[in-house]
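Position chain B against the provided structure of chain A, taking the given hints into account.
What follows is the residue order along each chain.
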Amino acid sequence: MFVCGAVSPLWAQSRKAAVAPRKPPAPPKRPQANPAKELDRFAKMSPEDRENALSKLPPQRRAAVEQRLAHYQTLTPEQQEKFKQRLEMMQSLPKDRQDAVRQKIQELRALPPAERRKGLTGDDLKQNFSPDEQTLVREAFPGMKNLD
Amino acid sequence: MNCPTKRNEDAEILLDYCARKLAPLQTAEFEIHLKQCPDCSRLVEAQKEVLAALKAWTPGPVSADFDARLYARIAAEEAQAAPAWRLWLRRIFQPPVPYPLWKSAVPLIAACAVLAVALSVRMPDSVDHRLRADKVDIEQVEQTLEDFDILTPAVQAPAGSM
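For the protein sequence lines, the chains are A and B, in the order given. Its first residue numbered 1, the first sequence is counted upward by one per residue in the numbering used here. Its first residue numbered 1, the second sequence is counted upward by one per residue in the numbering used here.
Bound-form chain A, shown alone:
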């Protein structure tokens, strides 16, 4: 009796698992467009279309996007081109290395100037980052370039 009582829920569970429908496969992800072109397209959109696109984001993220976009639009075409080149260099890196570069820049930005300078010239950057990655990090701090 006890054995039957103990075993039957297990049997039922395993049976249920066998019968339960499979989770439908995730829809195929849209192939990533060129980020710089996508940004330009977004920047040139009509206010109505941009509003439609932005409405998909929560308010805080939307505000950040709007603020950054406003700043991007104040750049000269040359400055925008320079950014696109850096972005292209960043995109050429594997995903984990992109994250490492982002993290390193944010770490250095949080430091006081003297320590930031040390970090930019120190062995840690040279040993753990490729020359392209080092360029990306150093170009984020143009004031420190000459001290390298």
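Among the hints, erroneous ones may be present.
If you anchor each label on the Cβ, the simulated ranges turn out as follows [to be verified]:
1) 51(A) to 120(B): 23 to 29 Å
2) 119(B) to 63(A): 33 to 39 Å
3) 51(A) to 119(B): 50 to 56 Å
4) 132(A) to 119(B): 51 to 57 Å
5) 74(A) to 120(B): 39 to 45 Å
6) 56(A) to 92(B): 54 to 60 Å
Treat the hints as calculated values from the structure; they're not laboratory data. Beta carbons: idealized from backbone N, C-alpha and C, even for Gly.
Same frame as chain A, now just chain B:
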């Protein structure tokens, strides 16, 4: 014979006599009466004078643009008499030639149909706008702008980001 001036229904006899339309017997009978009745004699004389005058009158020549000048004069007098909007309405609702009102509605219906078609053609345009907005990967744009924030030195990070 009864005197035609006393009875209205016999007045035609007098006019027909002057126009020489009466039958010979009636004419003889009326002429006997005329000799005795000064009223009828006076009327016949007057009527004969009118007929003689009409016969003597010859109408003047009519100019070629008589009709045009006549209608222009009528229009000018109407314009003085009534405001333009009233004349316009009168032309629609009281045309000189009978004109069915439904004919005026035809251009109006055609205009409405064109407007409806134009609106229905324009509707997909707004759908296209939405599709265009959908085609932008907003998350990718967000990521690119974050990279812009990180990689571009002069940019101050917005509050709450990173």
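Hints, verified against the model:
One distance hint, 23 to 29 Å for the beta-carbon pair residue 51(A) and residue 120(B), holds here, with the actual separation near 25 Å. As the Cβ distance of residue 119(B) to residue 63(A) is approximately 37 Å, the hint placing it in 33 to 39 Å holds. Against the hinted window of 50 to 56 Å, the Cβ-Cβ separation of residue 51(A) and residue 119(B) comes to about 23 Å, which falls outside the hint. Between residue 132(A) and residue 119(B) the Cβ separation comes to about 56 Å, which falls inside the hinted range of 51 to 57 Å.
Between residue 74(A) and residue 120(B) the Cβ separation comes to about 42 Å, which falls inside the hinted range of 39 to 45 Å. Roughly 57 Å separates the CB atoms of residue 56(A) and residue 92(B), a value that falls within the hinted 54 to 60 Å.
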